[in-house]
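Trainee: Protein sequence lines correspond, in order, to chains A and B.
Quick note on the working numbering: the first sequence kicks off at 1 and runs consecutively.
Quick note on the working numbering: the second sequence kicks off at 1 and runs consecutively.
Treat the hints loosely; a few may be bogus.
Claimed, not checked - Quick look at which bits of chain B chain A covers, simulated, 3 or more residues with Cβ under 8 Å:
| hint | segment |
| --- | --- |
| 1 | 26 to 33 |
| 2 | 52 to 59 |
| 3 | 166 to 178 |
| 4 | 255 to 269 |
Honestly, the hints are just simulated from the structure, not real lab data.
Even glycine gets a Cβ: it sits at the ideal position worked out from N, Cα and C.
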Amino acid sequence: MARSLLFWFGIVLLVGACLFPILWMLNLSLKPNELAQAWPPVFFFFEPTFEHYPTAWRSANLGPLLLNSVIVAIGSTILVLLVSVPAAYSFARYETSRGHLLFMILSTRMMPAAAIVVPYYLIFRQFGLLNTHMGVILAHAFFNFSFCTFVLYGFFKEIDPNIEYSAMIDGYSRPEIFRRIIFPLLKPPIAVVTSFSLMFSWNEFLFAFVLTRTDASRTVTAGIEQFWTMTGIQWGPMSAAALIAIAPMLVFSIYLQKYIVRGLTFGAVKR
Amino acid sequence: MQARSSYPSVAPGAAAPARPRGRLSRMIENDATFKWLLLVPALLFMLALVVYPTVFAVVTSFQKYILPRPASFVGLDNWRWVLNDVSFWSAFATTLKFVVIAVVIEIVLGTLIALFLNREFRGQTFIRGLCILPLVAAPFATSLAWRHLYNSDYGVINYLFQLVGLPRVEFLADSSIALFSVIAIDVWQWTPLVIFVVFAALRGLPKEPFEAAKIDGASAWFTFRRLTLPMIKPVLLIVAMLRMVEAFRVYDILYGTTRGGPGTSTETINWLIFREGFQYFDLGRATAMSVLVLLIVLVLTNLLFQQLIKAIRES
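Using the sequences plus the hints, can you model the full thing?
Mentor: And the structure:
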């Protein structure tokens, strides 16, 4: 009995620690301005206000920013899939370049973001890609490319090549084999790679911030930067905006939890 | 041919389509050309987004290039400056300190929590589902909430400190503490990843050795030291490697909280390059730093990678 009580105390502590900063954001977003900096902090008993949400929405231009996030996340994910699905298949089925190229692609993941962002900025400036959706899409696709190729490679390795060989003997052409045999088997890996890539793109800050200077293509995660000031922060609107920015991913994670976990761990966790 | 019946969606009686002709289709049907054809998009992609920017960075690092003025070649000036720059090496040390402390805490804490959760209890899936939230919320957004929690005048953490009789702490404004405060945010965000990975590894362990140990009356600590730990070691090494690579590029939570300060106490390599490039607009120096960091990281990860492979082979 005492053991079980101790166990549940531990669970409460764990869940509390995980959730508290997010719940506190919610708390701040509903608190009247005069209570945001009260001492001692007010946890529960206050008259909630809903004025911060419309204020944040209007002042930060959140509608267009959210739309940008959707465009960039979907665009970069499609681009990554188009590039990494065939590449991963080639590596898995034919051992193309005996793993050297795959290792090279994997090692681009190790490149520190800041080391890439300066040349990207200069090149994108030259090609007129700053402040465009395409610019952010390319940058995010670069980050996800190595990961997606590697995870898909693992999946392709598990498909028995004999299925394809026998279909070939039966006279099916290569495009037919892909359409009828390979693609139906690809649903789970595509789900893993897609959910990871969407989430990464939605949450990414540095590139989305540096490569955009206007609201025309800035994503919502980078857009809430405008609330950061040295002093006199508007805690209410800022928390409301931050919550709006993370809410889609929180909801998303409820449905796609196992894919996200598998993605975050480079496919190491298989459940 | 037994395998016939296992074709997923090729109906047995369906007429096989005639093989198309033409140069492209012949390349598709031939393995030797097909495997490279599949790689064309990836190679173009690498060329445009990896090779070209890297070459561009190397070239720019030999130029004096301060926006908005045009670039001019200056030889090794930027490199000499960066290699002798105290702030570069101190930022490098700060980054290493950040990475090592954060990753060690995350691995130990994550493993302990995974061991703690490794049992059957009511609502277990739901509770584990809640633990994933720090991982999926944008770190920049949550760091804004942390800034409020850490405040020395009205922050909740100082309030909790006061309740248990601890003194008031300037979490983000005290230069000897700020780095640890930022590390704590990283730990909050990433420990769930370690929990998930280790938890999955624990669930996949064989049952027999543990039952045998129980019958022999082995203590919990002995079982962990001699059985569990060696068996999950490869997984721990992989997740440590993943975390190190990611922690090296910490940026968002710095931008949301300390912005490199107070002084330069939380200035990491990422932060320094950003400052040089996008606040001073000295792109020559910024790219020289970038190339140097790239080289250092490649060497370090290569060493780590070899150690990792060696360790996994041994266990």
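Trainee: Next, verify each hint and record whether it holds.
Mentor: Evaluation of the provided hints:
no. : hint       : in the structure
1   : 26 to 33   : holds (count 3)
2   : 52 to 59   : holds (count 5)
3   : 166 to 178 : violated (count 0)
4   : 255 to 269 : holds (count 3)
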